[in-house]
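Student: Assemble the complex: chain S is given as a structure, and chain V must be docked to it using the hints.
Residue numbers (my numbering), protein chains in the order written: chain S, -2 to 344; chain V, -2 to 344.
Mixed in with the good hints, there may be bad ones.
A pair counts as met if it fits within one copy or between any two copies, since identical chains are not told apart.
SDA-like mimics (lysine to any residue), calculated; alpha carbons at most 25 Å apart, straight line [claimed, not checked]: (1) K123 to A186; (2) K123 to G15; (3) K123 to P207; (4) K123 to E78; (5) K123 to V105; (6) K123 to G257; (7) K123 to A208.
Everything labelled a hint here was simulated from the structure, so no lab data went into it. Quantities reported herein were computed from a predicted structural model and do not represent experimental measurements.
What follows is the residue order along each chain.
Protein chains: 2
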Amino acid sequence: MIEAPFLLYLGHSTDPVGIKTSRGLATFRTRDCVGEFRHDGCPLTLGLPRRTMEEAAARGARTLVLGIAHPGGAMAPSLVEDAHAALMAGMNVASGLHHRLRDVPSLVALAEARGLSLIDVRDPPKDIRVGTGEFRAGRRLLTVGTDCSVGKMYAAIALAEGLEARGRVSGFGADFRATGQTGILIAGAGVPVDAVVADFISGAIEQLAPARQDGGWDVIEGQGSLFHPSFAGVSTGLLHGAQPEAIVLCHDPARVEMRGLPGRRLPDLDDCLALNLQVARLTSPRVYAAGVCLNTASMEEGPARALCRSVEDMLGLPATDPHRFGVEPILSLLCTAPSQPATIASR
Amino acid sequence: MIEAPFLLYLGHSTDPVGIKTSRGLATFRTRDCVGEFRHDGCPLTLGLPRRTMEEAAARGARTLVLGIAHPGGAMAPSLVEDAHAALMAGMNVASGLHHRLRDVPSLVALAEARGLSLIDVRDPPKDIRVGTGEFRAGRRLLTVGTDCSVGKMYAAIALAEGLEARGRVSGFGADFRATGQTGILIAGAGVPVDAVVADFISGAIEQLAPARQDGGWDVIEGQGSLFHPSFAGVSTGLLHGAQPEAIVLCHDPARVEMRGLPGRRLPDLDDCLALNLQVARLTSPRVYAAGVCLNTASMEEGPARALCRSVEDMLGLPATDPHRFGVEPILSLLCTAPSQPATIASR
Chain S
-2 MIEAPFLLYL
8 GHSTDPVGIK
18 TSRGLATFRT
28 RDCVGEFRHD
38 GCPLTLGLPR
48 RTMEEAAARG
58 ARTLVLGIAH
68 PGGAMAPSLV
78 EDAHAALMAG
88 MNVASGLHHR
98 LRDVPSLVAL
108 AEARGLSLID
118 VRDPPKDIRV
128 GTGEFRAGRR
138 LLTVGTDCSV
148 GKMYAAIALA
158 EGLEARGRVS
168 GFGADFRATG
178 QTGILIAGAG
188 VPVDAVVADF
198 ISGAIEQLAP
208 ARQDGGWDVI
218 EGQGSLFHPS
228 FAGVSTGLLH
238 GAQPEAIVLC
248 HDPARVEMRG
258 LPGRRLPDLD
268 DCLALNLQVA
278 RLTSPRVYAA
288 GVCLNTASME
298 EGPARALCRS
308 VEDMLGLPAT
318 DPHRFGVEPI
328 LSLLCTAPSQ
338 PATIASR
Chain V
-2 MIEAPFLLYL
8 GHSTDPVGIK
18 TSRGLATFRT
28 RDCVGEFRHD
38 GCPLTLGLPR
48 RTMEEAAARG
58 ARTLVLGIAH
68 PGGAMAPSLV
78 EDAHAALMAG
88 MNVASGLHHR
98 LRDVPSLVAL
108 AEARGLSLID
118 VRDPPKDIRV
128 GTGEFRAGRR
138 LLTVGTDCSV
148 GKMYAAIALA
158 EGLEARGRVS
168 GFGADFRATG
178 QTGILIAGAG
188 VPVDAVVADF
198 ISGAIEQLAP
208 ARQDGGWDVI
218 EGQGSLFHPS
228 FAGVSTGLLH
238 GAQPEAIVLC
248 HDPARVEMRG
258 LPGRRLPDLD
268 DCLALNLQVA
278 RLTSPRVYAA
288 GVCLNTASME
298 EGPARALCRS
308 VEDMLGLPAT
318 DPHRFGVEPI
328 LSLLCTAPSQ
338 PATIASR
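The following block holds chain S by itself, in its conformation from the complex (with noise of 0.2 Å):
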């Protein structure tokens, strides 16, 4: 659906955090990208080649990916500028703001007039239908979070493909189920549950997750989280939409303060736990929790390790960081818990 090779864009974003769908892609398709743009002054680097447009369309990128998040997804005149730029030297453009490519029309006039294509990865499907909550065959997982931006993809991803390794063997498939613009732009497919309306959120989780009869795994993106006051909407929905038979808890330790809100503080991990069952409850009476994932990527390997051990023994279950530590003491309570039997999930 996107053409690669890659041009990830970084412009002039400072924020670390802001800049994770291109840091994402840079992490899960490395191969695919050939170099990052960052104007002068932009502190920030994902340690690949610094290109301009015309380099890096020379060297075969096929697409700028305006990898960076706003807020809400506000266009910058700045970004259409480079997107203008990347046009003219001959790439496709991606984006998944709010805002929409095609509603800037000069862009579109430039990219028609060049035959390239501008591609709005947060454009939700048209035929998504409201949920129903009823009971549906399949083992799925969810990973939620203290707050945005803790790690939630990162570890469904990890999860699902320590799910389908273990699968291979035991003979069952496990699939990564996107909802966020980075995991759409990885898997090449998914659901920007974000963007879709209000009253079709957890319709839009049942369409990208549905019934399935073979013994394997969806393993779904969360978003938000339910206790930030700006997506707690989405991330219920997301939720009820999913019917877990798992959660997996995402939490980032560095993390001080909620992401956009200044002074508004974390949720604890056993409240934040406790709370998303309870309302995980409602379409999937017996969801259980299957282990917490950190992002300890700001911590020495020791004190990281004595965190994941505290929290083991704080939640009883396991926790890890994925990408340091893997994700196995999960998968081994995935594979020994009890495939659900079929249940009307209502109270």
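Tutor: Frame of chain S, contents of chain V only:
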């Protein structure tokens, strides 16, 4: 914004709850309604004279209001035909459905040719920002529910009218803040919260009921239910965005299963109240419950009064049917509660 007088549409409807928009206008804007339009075989009536399109137009009707709701808001072919007929008879057409009149090219062409308007009440404003949950001044009341269509709008209008009457004596204002198509048609303003993009649910409500300093009340119409798997995301964001000082729980004692979800039973009143307060505390730490509104239309007066008393005993809150018995006990509780001091709404 929408020209009165109205002709209210019932069409082929057979579900008494599905015609709630037409019924709301018949109830709250009776003098602006010239009649109802229904096809042969439609068993429902609003108690207004049945009119053809031509008869209604001849009696001065300016707008046909498609005041019916389907889950998800689909637009049936017969609805489009009837909208055509209304335009041919010289009336504008207003709709609260998710599917837009302006997306039906034949209607757009006909309206343009005849100089008439198509009004999609469910079009959200373009300039909504992401919510913040930051403390804002003012007294706000939100109606919440055990289910969809249990009287949250009726209760909100009755409470706003009651507060306004008290305020005329005591010197404060009170405003009804509509969040659904019916309320918006009645009030002439509001935000169709179920139609905004998911990321903006709480922000839409922060914008609908901004800070106020006059000591008066914003009475916000709730939507859905935290216990409805289709729409709980909307209810959650609405609760966070409303940042209510007080909530009033609405319930229909005749409802045996959740609307649109055969076999799913309603939550208990105490569970529903408890979860609403818990979720609301994220942005309004001192939120309190101010009463219960019961829709006892299907009951005799004696049993209805007995039910109110038993709910009062169970929950320790005023319980009433707003249309049958008024809302005085709830108003008294609200007006004796100390208005909230400025506090930072963070945990």
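Student: The structure should be examined with respect to each hint, and the outcome stated for every one.
Tutor: Structure-based check of each hint:
1. K123 to A186: within (15 Å within a copy, 28 Å between copies)
2. K123 to G15: Answer is between: at 24 Å across copies they meet the 25 Å cutoff, but 28 Å inside does not.
3. K123 to P207: Close inside one copy (17 Å), not across copies (33 Å); limit 25 Å.
4. K123 to E78: Result: close only across copies, 23 Å inter versus 30 Å intra.
5. K123 to V105: both (21 Å within a copy, 21 Å between copies)
6. K123 to G257: Classified as between: cross-chain Cα gap 22 Å, same-chain 30 Å, threshold 25 Å.
7. K123 to A208: within (20 Å within a copy, 36 Å between copies)
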